[in-house]
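These protein sequences, in sequence, are chains A and B.
Read in order, the letters of the first sequence are residues 1 to 109 in this note's numbering.
Read in order, the letters of the second sequence are residues 1 to 115 in this note's numbering.
Quick caveat, the hints were computed from the structure, so don't treat them as lab data.
Glycine included, C-beta positions come from ideal geometry on N, C-alpha and C.
Among the clues, some could well be false.
Said to hold, decoys possible - Mimicking PhoX-like on lysine-lysine, the simulated pairs with C-alpha atoms at most 25 Å apart in a straight line are:
hint, chain 1, residue 1, chain 2, residue 2
1, A, K70, B, K71
2, B, K71, B, K9
3, A, K36, A, K57
4, A, K57, A, K70
5, A, K70, A, K56
6, A, K36, B, K70
Stated by the list, open to error - On the chain B side, residues computed to face chain A include the following (Cβ under 7 Å):
hint, residue
7, V19
8, P39
9, L43
10, L45
Below are the chains, spelled out letter by letter.
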Amino acid sequence: GQQVMQIPQYQHVQEGEDFTTYCNSSTTLSNIQWYKQRPGGHPVFLIQLVKSGEVKKQKRLTFQFGEAKKNSSLHITATQTTDVGTYFCAGFGANNLFFGTGTRLTVIP
Amino acid sequence: DGGITQSPKYLFRKEGQNVTLSCEQNLNHDAMYWYRQDPGQGLRLIYYSQIVNDFQKGDIAEGYSVSREKKESFPLTVTSAQKNPTAFYLCASSMWNSFMNTEAFFGQGTRLTVV
């Protein structure tokens, strides 16, 4: 099936440091979505990117969609303890929604 | 309250038994999905459905079955053929057309344990 790889798998940062997770698809995506899953919770939608080269910001979060629409990144500036969780990218292809492997973020106070 | 509801939250099953996980949504979404999540792992697609009375296998459909008799409901049966069923199961729904999808809404999940 279609695969979306994310790196890193785990990231520990000191509170206040920046964090970036990268998402790479084996195929071109029509759009890409990002989700956050808090420990013990379920994934919650953050944003959707559609256009090649698109950049969107949500407060301290910056999302990018690559020019070739095969990769994406999420950057968090000055992490806070509330940012703890696993961040997933998700692509839409072959009429289904498939998720990346996720990056688990730990923020050390 | 609009949303997607999974039940039960926790489920224990004896080896060799079939068990059915419920997923109901009142968001009028066309597409529904079932994912499996193992500890520290990502979400793997089991089955998905874009329309009533139609569903497709995902990457790990073996040992599972689904039905989509109503738009609102997409139950998942974990059969005795599933060799390692202990996992966290997540149901999701979204609007869908042939070009793209909208955001997916997830249920709270069902944690299945085989005893």
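Evaluation of the provided hints:
For a cut-off of 25 Å, the pair hint linking A/K70 to B/K71 is broken: about 32 Å separates their Cα positions. At most 25 Å may separate the alpha-carbon atoms for a hinted pair to count; B/K71 and B/K9 meet this at roughly 22 Å. Between A/K36 and A/K57 the CA atoms are separated by roughly 15 Å; this keeps the pair inside 25 Å, and the hint holds. Note on A/K57 and A/K70: the hinted pairing holds, with a Cα-Cα distance of about 20 Å set against a maximum of 25 Å.
Distance restraint check for A/K70 and A/K56: the Cα-Cα separation of roughly 17 Å lies within the 25 Å cut-off, and the hinted pair is therefore satisfied. As the CA atoms of A/K36 and B/K70 are separated by approximately 29 Å, the hinted pair breaks the 25 Å bound. At a threshold of 7 Å, the smallest CB-CB gap from B/V19 to chain A is about 20 Å, leaving the interface hint violated. Of the supplied interface hints, the one on B/P39 is violated, with its beta-carbon coming no nearer than about 11 Å to a beta-carbon of chain A, more than 7 Å.
The beta carbon of B/L43 comes within 4 Å of a beta carbon in chain A, closer than 7 Å, and the hint placing it at the interface holds. With its C-beta approaching chain A no nearer than about 6 Å, B/L45 sits inside the 7 Å limit, and its interface hint holds.
Of the numbered hints listed earlier, those contradicted by the structure are 1, 6, 7 and 8.
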